[in-house]
Amino acid sequence: MYIGEPSLKKHMLPSVPFRFTATEPIKLEAAKYVTKSFLDVLESRRSSREFAPLDLAKLGAFLYLSNRIKRTDCNELGQEITYTNCSSPGAMNALHLLLRRPSDRRWYSYDPLKHELGFLGDDIDCDGFIAHMCHELIPATDTAWIIWNVADLESLKCKYQNPQSLAYRHSGGISATHALVAQALGLSYCQLGIMGESEASKLSDKRELLGVGLAFLGDSPDNSTTID
Numbered sequence: 002m003y004i005g006e007p008s009l010k011k012h013m014l015p016s017v018p019f020r021f022t023a024t025e026p027i028k029l030e031a032a033k034y035v036t037k038s039f040l041d042v043l044e045s046r047r048s049s050r051e052f053a054p055l056d057l058a059k060l061g062a063f064l065y066l067s068n069r070i071k072r073t074d075c076n077e078l079g080q081e082i083t084y085t086n087c088s089s090p091g092a093m094n095a096l097h098l099l100l101r102r103p104s105d106r107r108w109y110s111y112d113p114l115k116h117e118l119g120f121l122g123d124d125i126d127c128d129g130f131i132a133h134m135c136h137e138l139i140p141a142t143d144t145a146w147i148i149w150n151v152a153d154l155e156s157l158k159c160k161y162q163n164p165q166s167l168a169y170r171h172s173g174g175i176s177a178t179h180a181l182v183a184q185a186l187g188l189s190y191c192q193l194g195i196m197g198e199s200e201a202s203k204l205s206d207k208r209e210l211l212g213v214g215l216a217f218l219g220d221s222p223d224n225s226t227t228i229d
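In the working numbering, the protein residues as written are 2 to 229.
One should not assume that every hint holds.
Claimed, not checked - The calculated lysine-lysine pairs, modelled on DSSO-like cross-linking and capped at a C-alpha distance of 27 Å, are: (1) Lys207 with Lys115; (2) Lys158 with Lys10; (3) Lys71 with Lys11; (4) Lys10 with Lys37; (5) Lys11 with Lys203; (6) Lys33 with Lys71; (7) Lys203 with Lys158.
Keep in mind the hints are simulated off the structure, nothing from the lab.
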């Protein structure tokens with residue numbers, strides 16, 4: 002399906018930033034030091050389909066290096082732009098990271114400014130279908146976290162015509178960053194060939210959301226990397 006080339010709008014209108022309503026915040030730890038060189042990480046990167054349980058300390062290090070917002074600014078529309086370790090369309094970072102914890106099957110939203118997880122609540126019904134699709138592709142992954150990239154198209158549409166391809170490109174950049182960071186930390190990561198596109202639209206009746214990527218993340222069974 003052709004979704005059109007993205008282009009800047011002649012008349013741009015700002016939009017209010019979207020945030021998921023989340024409760025029960027879980028503060029995450031920062032990554033301090035990784036011993037592997039970048040070239041070693043790049044040359045040894047591979048997807049893994051074997052996952053050991055991943056604790057919150059290692060998840061925090063993973064998200065800190067890949068998704069946290071380091072600082073913010075404003076663009077010509079007065080909208081917030083962000084500086085992260087992965088480039089985004091217009092530096093607007095209009096992509097949300099949702100994570101399913103395997104131990105309690107709860108879904109959480111990652112807050113890249115506060116570096117914390119927030120529980121999305123039992124009324125967010127995204128577990129059954131999304132989890133089923135993921136586990137059909139790679140069975141026996143009950144110990145892995147599910148990562149779901151969800152794009153806020155409304156934020157992108159304030160500046161761009163046909164922003165869908167920008168959302169997919171952003172998700173691809175984040176997934177590539179995730180793969181390298183996971184390799185650096187000695188974690189198991191596997192990007193999936195599904196998006197959860199239409200399911201994301203059910204997450205909010207106030208915003209146009211699009212699922213743009215899914216992945217599994219866990220600890221490596223033979224993990225020997227240490228983080229000080």
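Evaluated hints:
no.: 1; hint: Lys207 with Lys115; verdict: 23 Å, holds
no.: 2; hint: Lys158 with Lys10; verdict: 9 Å, holds
no.: 3; hint: Lys71 with Lys11; verdict: 30 Å, violated
no.: 4; hint: Lys10 with Lys37; verdict: 43 Å, violated
no.: 5; hint: Lys11 with Lys203; verdict: 31 Å, violated
no.: 6; hint: Lys33 with Lys71; verdict: 15 Å, holds
no.: 7; hint: Lys203 with Lys158; verdict: 19 Å, holds
Against the hints set out earlier in the document, violations occur for numbers 3, 4 and 5.
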